[in-house]
Amino acid sequence: MEPLLNIEDLSVDYTHGGMEIPAVRQVSLAVAARESVGIVGESGSGKTQVFMAAMGLLAANAAVRGRVRFEGGDILGVGAESLNRVRGSKLTMVFQDPMTSLTPHLTIGTQLAEVLVCHAGRSWREARNAARHMLDRVRVPEPERRMSQYPHELSGGLRQRVMIGMSLLCEPLLVIADEPTTALDVTVQAHIIDLLGTMRRELGMALVLISHDLGVVAGLTDRILVMYAGRIVESAGAAELFQQARHPYTAELLKCIPSLTGPRQQRMPTLLGQPPRPGDPDEGCAFAPRCARAAPRCRTVRPPLEDAGGSAHRVACHFPLPS
Amino acid sequence: MSALLGDAARRLRSNPAALCAMFFILGMVVLTLLGPWLNPNGSDSLDWLHVASRPALQSAHWFGTDRLGRDLFARTLEGTRVSLAVGLVASAVSLIVGIGYGAAAGYIGGRTDHAMMRIIEILSGLPLIFFVIFLTVIFGRNEYLLFLSIGAVGWLTMARIVRGQTLSIRHREFIEAAVASGAGTARIICRHVIPNVIGPVVVYATLTVPQIIMLESFLSFLGLGIQEPHASLGTLIAEGAGEMEAAPWMLLVPGGFLAVLLLSLNVFGDGLRDALDAEER
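Keeping their order, the protein sequence lines are chains A and B. Numbering-wise (our numbering), the first sequence opens with residue 78 and increments by one. Numbering-wise (our numbering), the second sequence opens with residue 112 and increments by one.
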């Protein structure tokens, strides 16, 4: 059976000032129905671009190659009109910054209801009722009062709850959450992550959680993909990835998570060096210059993403860490 | 939106100059509408016994009469009404066309934007007077042509302003979020772009009303605008200018009305701008 979202060989290149800047290079991934997948990587690793491409949200100077199928139908390269039948209803997105993702001049109630009026063809009265019900479900206190408020009257955490509620209104099959907690403070982060988990259990939709924070992804996802310089470097079940990361990059990332237990370290461990810049030659393994295990072969031959034992554990490394 | 308007109204109320100007404008509108009932003299009836008489409150003609014995008060009120109507209608036309055109160009962007803006540049390159004379020659003298030609020029600047504002919010996240939730281009422009650019645009529109009144008066002064027996402030001023040595009131009365009207509109527009974008001060 075909997975819910199937991305094959997706590449995204930006043309800027006559130069080709690759953002995503031949990424293939699949998300099954009701599955929860985490995408981890540092800024510029292309993790957001993959899904922006799937939603048709890329800037005008982006060139996309490859194939994206959702529910068995192509959604890459089809016109905005057929894309609009899917996005916003079956395939929705929660953005990073709730402060700016709501239209400032419309009340919360109107914005929520409009989604239903647009996609489900409900009347405004029905849509407003459903919207109020949804606010209640995403634990927004006093939904009745919030309905008539404007976005600037709500706190960041509440706005993100509203955004999550909006993404769930049409009972989507897949929600893409793009760093949904990055703009919020830590205590609110935990609540939002909690909410996403609860809603997923209640509604049974699939979830893609994009984050640079392994800790955020850990509790919420079944499977984690690690991206580096536009490619997937490791993919494994969440628990397996934390217990035995095979790719040196993943292992370094895991070391960077501060621990609450154990002896206190003098300095927080960090990754040395910088990720490759857009103009750099694309040869061998992109992580090689920062890798302690790198051999001459790593700089010339690109390691393919291969099975590395375990349950669907895949890694792109010539010299993976022993399991 | 309502909270926004409430704040704006409060700020406007605390600005005495703008408030004063607003009452002046309202008073003038009421006067021009009620004028025919207050004044026994019609704007086109001739009083042969009082030709070119001086203004005098105890006579039947408060502001005097013109060369043909027509009551200047009645004619000035009619002229003000026509001028205000031209100003409001042409501003409304330029507002509607300009917002639609500018928002579409700014939002769609790319080649469409490029082509649309080149069209605006070509149109704004046409000299207005030449354009009006040209239309007059082809279609004959017609008041509607005046509306048309003024409107045809007025929306160009409006479209530029709307496009600029649209570009500034084009890549804001709420627009992207609207795209992601499957809203079509037309819906995004109408629901998410235009309401967010409307503030500065409305302010600019209040400032175009006096500009257009001025333009209309100027064209009428040159004899290209409103034609006898109808009057606008421009034609009255043109008539008065011919007699200004012998009968200065024929120039001063409509001239004074025009000056007060323009001043009030400008002061009110400024006040409105201050009230609507308070953060810019």
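Hints are computed from structural coordinates only; laboratory data are not their basis. Where hints are given, some of them may not hold.
As the list claims (entries may be wrong) - Which residues of chain B face chain A? A partial, calculated answer using Cβ under 10 Å: (1) G220; (2) H225; (3) R229; (4) I240; (5) F245; (6) T247; (7) A288; (8) V290; (9) A294; (10) G295; (11) I300; (12) R302; (13) H303; (14) P306; (15) N307.
Since the structure is predicted, the reported quantities are computational estimates derived from the model, not experimental observations. Beta carbons are placed, not taken as given, at the ideal position from N, Cα and C, and that holds for glycine.
- prompt: Taking the least C-beta to C-beta distance, is B/F245 closer than 10 Å to chain A?
  reply: Violated, because the Cβ-Cβ distance from B/F245 to chain A comes to roughly 40 Å (cut-off 10 Å).
- request: Report holds or violated for the interface hint on B/T247, using the least CB-CB distance to chain A and a cut-off of 10 Å.
  value: Violated. Min distance 43 Å.
- prompt: For the hint on B/I240, does the least C-beta distance to chain A fall short of 10 Å?
  reply: Violated, about 41 Å.
message: Holds or violated: the hint that B/G295 contacts chain A, with Cβ atoms closer than 10 Å.
response: With Cβ-Cβ at 6 Å, under 10 Å, it holds.
- request: Closer than 10 Å between Cβ atoms is the bar; does B/R302 clear it against chain A? Give me holds or violated.
  value: holds (7 Å)
- prompt: Taking the closest Cβ pair, is B/R229 under 10 Å from chain A?
  reply: violated (19 Å)
- prompt: Does the interface hint hold: is B/I300 within less than 10 Å of chain A, judged Cβ to Cβ?
  reply: Violated - the Cβ of B/I300 stays beyond 10 Å from chain A, reaching only about 13 Å at its closest.
Satisfaction of the B/V290 interface hint, Cβ to chain A closer than 10 Å: B/V290 check passes; min Cβ-Cβ to chain A is 6 Å, inside 10 Å.
query: Regarding the hint that B/H225 lies at the interface with chain A, is the smallest CB-CB distance below 10 Å?
result: The hint is violated - B/H225 has no Cβ within 10 Å of chain A, the shortest such distance being about 12 Å.
- request: Please verify that hint: B/A288, Cβ, nearest Cβ of chain A, below 10 Å or not.
  value: OK, holds: B/A288 within 10 Å of chain A, min 4 Å.
query: Given B/P306 as an interface hint, is the shortest Cβ-Cβ distance to chain A below 10 Å?
result: holds (5 Å)
Interface hint outcome for B/A294 [beta carbon to chain A under 10 Å]: Hint holds; B/A294 Cβ to chain A Cβ min 7 Å, cut 10 Å.
Hints 2, 3, 4, 5, 6 and 11 from the earlier list are contradicted by this structure; the remaining hints agree with it.
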